[in-house]
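Student: Sequence:
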Amino acid sequence: MTEQNSYNDFFADDDEKLSVNESSYGSLPIDARVAGEVLRIVYSNSDNSYSVIKMRSSNPRLADITLVGMLAGLQEGQDIEAEGRWECHPEHGRQFRVQSFKGILPATEKGITRYLASGVLPGVGTVYAERIVKKFGTETLNVLDNYSERLSEIPGIGKKRITEIRKAWHEQNQHRETLIFFQGLGITPAYANRIMNRYSAVGAPQIVRNNPYRLAADIDGIGFLTADRIAGQLGIEKDNPLRLCAGIVHTLEELANRGNVCYPQVLLVHEAIRILDVSEAASQNGLEIALSENKVCAVSFPDPDLASPFIYLRRLKQAEEELAEAVNLLLRTPLAPAAVPWQRLGNDYQRLNEKQKQAVHWALQYGCSLVTGGPGVGKTTVIATLVRAGQLLRLKISLAAPTGRAAKRMTEATGFEASTIHRLLKWEPDQRAFYYGPEHKLPCQLLVVDEISMLDVSLANSLFRAISPGTRLVLVGDKDQLPSVGPGTVLQDFIHCRRIPVTELTEIYRQGEGSRIIVNAHAVNQGHSPDLRPVPTGSQADFYWIEQDEPEKAAELISRMVAERIPNAFGFDPMTEIQVLSPMRKGACGILALNNLLQEVLNPADSVEKPEFIFGNRLFRLGDRVMQTSNNYDKGVFNGEMGRISAMDSTSFSVLFEQGDTHYQQNEADQITLAYAVTVHKSQGSEFPVVVLPVLTQHYVMLQRNLIYTGMTRAKKLLIMIGTRKALEIAIANNTPMRRLSLLDRRLAKL
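The sequence shown finishes on residue 842 if you use the numbering used here, and the numbering steps up by one all the way, no holes.
Hints are computed from structural coordinates only; laboratory data are not their basis. Quick caveat: nothing in here was measured; it's all calculated off a predicted structure. Some hints here could point you the wrong way.
As the list claims (entries may be wrong) - Okay, derived cross-link-like pairs now, DSS-like style, lysine-lysine, Cα gap no bigger than 27 Å in a straight line:
1) Lys-773 <-> Lys-499
2) Lys-448 <-> Lys-570
3) Lys-499 <-> Lys-532
4) Lys-517 <-> Lys-726
5) Lys-145 <-> Lys-201
6) Lys-145 <-> Lys-701
7) Lys-517 <-> Lys-487
8) Lys-408 <-> Lys-386
9) Lys-487 <-> Lys-532
10) Lys-193 <-> Lys-145
11) Lys-408 <-> Lys-773
Starting from the given sequences, assemble the full structure and let the hints guide the process.
Tutor: If you want it as structure tokens, here you go:
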């Protein structure tokens, strides 16, 4: 029998036949199954279950196989079946990345001996393992399961050791059976291990059987949809009260992901009907259960415009209420007089226009004031003047912004050190909370916060509760930009409540000779078409429009522009200075497809074979540009921060952010994404020397004026837009942003 036939026989029940060269694994399939005996645990991380394992294939004609992945609970000598993908590691060669596996007890005397000698049983090493197997043969495991007292027949094993062996063996059985139970529900070993760590291996199966929806609340990485799938496998019906209650919470979470802090009860019930595929009565029943169990909260306002009660997630209701109270306290607290010797500011003050002077005066006069305006209208000049005035008054000054890039711009413009809001508040991992808050107030007397359009209700609440009454708080931002990624409309609510002094700057300053970026951005913001005339041959400009109506051709053009044409014509570095923005994630010109294209042209796998790894359906390679997509307070890195993969080995990698290197295990790669192209939403608070922005009818659902305006204003030196005039006109005409529901402005107006 040839090796090819032998290998095919092993996978005889597979749909596809496999081909293997005699000298190597050759063209093994991307998706495959392997089986065999665990020979050696090469590496194991107890924190995240990542392991490297050497396995002897049950097919004697195949060489030993290296398995990598989440392989919790395996022991040497144990037989397993695993499903996954073949890959080639640049240092370690061909290996099998396990997606799922199940343990099988060894059936041969040699396998049983190796298994028992691996340390699975206390006091049983190689010598005793050999004696036990020599005595009982292939029936050894049956003896351990049912007749462990017979171990007394082995010389040297007394009653005490038998008791210890019996206990350890049953614990191993329980752990193994629990893993098999969860794997049968489609839960990966990594998540099964998290569940067992949370609930214990013994109790976990029953807890999940009783209420699988607990997983969504208790286990990081498991959401309602996964819990709902598990519930379906366990026979839980669609209208089960457990599902209906969890479904209401999930519906509110989905609405919060769209920016809503709360939602009208009537509309929430109908949204849950759609998401949960249940009747109106069932949806209403789920809401009543969630309210009675205090999973969600209802709020009614004595306002004819708000006839329906509004339903909140508990954390968002608390954040909105506390934020309103904190703002009110700042506005009502008297300030110490601030007599600034304006003449000592010289030109720093004299060059300000009347609106800018008003912003500076109000900033020193009121406990909370707001400065808004588009690009190039002098917001940064106001901040710099305020810092100088604060220094003359000998005030303790702090500057902050939501992102590292925005904070860096504040530092460069003022000469005064600025930080991100998260670092200003100082997250303490042990306490799972910010150090600065209600008990410890920020040690500053003048606090300026830039890019506040990015503030969601939760971060705003954390910030405001840390500010001591009597502090002068100055908020700076562009009211016409996109709202925050997180829930809330904080900037708009602050303006609409009419209790916070607002200065709107309109006079354009930042406009170099021949510059069209700022002019065109303001034109779009005012509902006018930008100047799309081509640049005369032989000259250069800072704004270019390229007409292209086919998404696939536009994507290829973007790839060439970033990799070749822009660097050759203008000298910008494609890896550090050029940023592609897109309105959407999906489609030929969405960020998913563009990132794959740009990765291959900007950071290809060279002849040396750069280290890389696959996580889910994403490939990460040493040197890749990446973005953090969630707040990780323990690591001190936050949503939207961008960096480069600086190091990588078989189990982990590091990303160099502006604040330094951050280390990750490979199973933490769900926190990052490639960032050669990012969505316009994710680019908020950042500026880039060069921005390439596709605008196509393919992006129809996202074509809004404030989105295009936000994307355009991210460009500092060069903006290239690629697409169709029709798509651009659709976006400019659509000045009705997706409505977000919040009651913050009404709470502020009522206080």
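Student: Holds or violated: are the alpha carbons of Lys-517 and Lys-487 at most 27 Å from each other?
Tutor: Status holds; Cα separation ~18 Å.
Student: Are the Cα positions of Lys-487 and Lys-532 separated by 27 Å at most?
Tutor: Holds, at about 13 Å.
Student: So if I understand the rule, the pair passes when the alpha-carbon distance is 27 Å or less; does Lys-773 with Lys-499 pass?
Tutor: holds (17 Å)
Student: Would the hint linking Lys-193 and Lys-145 be met if the CA-CA limit is 27 Å?
Tutor: holds (16 Å)
Student: Is it true that the CA of Lys-408 sits at most 27 Å from the CA of Lys-773?
Tutor: holds (25 Å)
Student: Verify the proposed pairing of Lys-448 with Lys-570, using a straight-line Cα cut of 27 Å.
Tutor: Distance ~20 Å between Lys-448 and Lys-570 Cα, so the pair holds.
Student: Do the alpha carbons of Lys-145 and Lys-201 lie within 27 Å of each other, as the hint requires?
Tutor: holds (16 Å)
Student: Check the hint pairing Lys-499 with Lys-532 against an upper bound of 27 Å on the C-alpha distance.
Tutor: holds (24 Å)
Student: Within 27 Å, alpha carbon to alpha carbon, are Lys-517 and Lys-726?
Tutor: This hinted pair holds, its Cα atoms lying about 12 Å apart.
Student: Please verify whether Lys-145 and Lys-701 have alpha carbons no more than 27 Å apart.
Tutor: Roughly 24 Å separates the two Cα atoms, so the pair holds.
Student: Decide if the proposed pair is consistent with the structure: Lys-408 and Lys-386, CA atoms, cutoff 27 Å inclusive.
Tutor: holds (12 Å)
Checked against the numbered hints above, the structure violates none of them.
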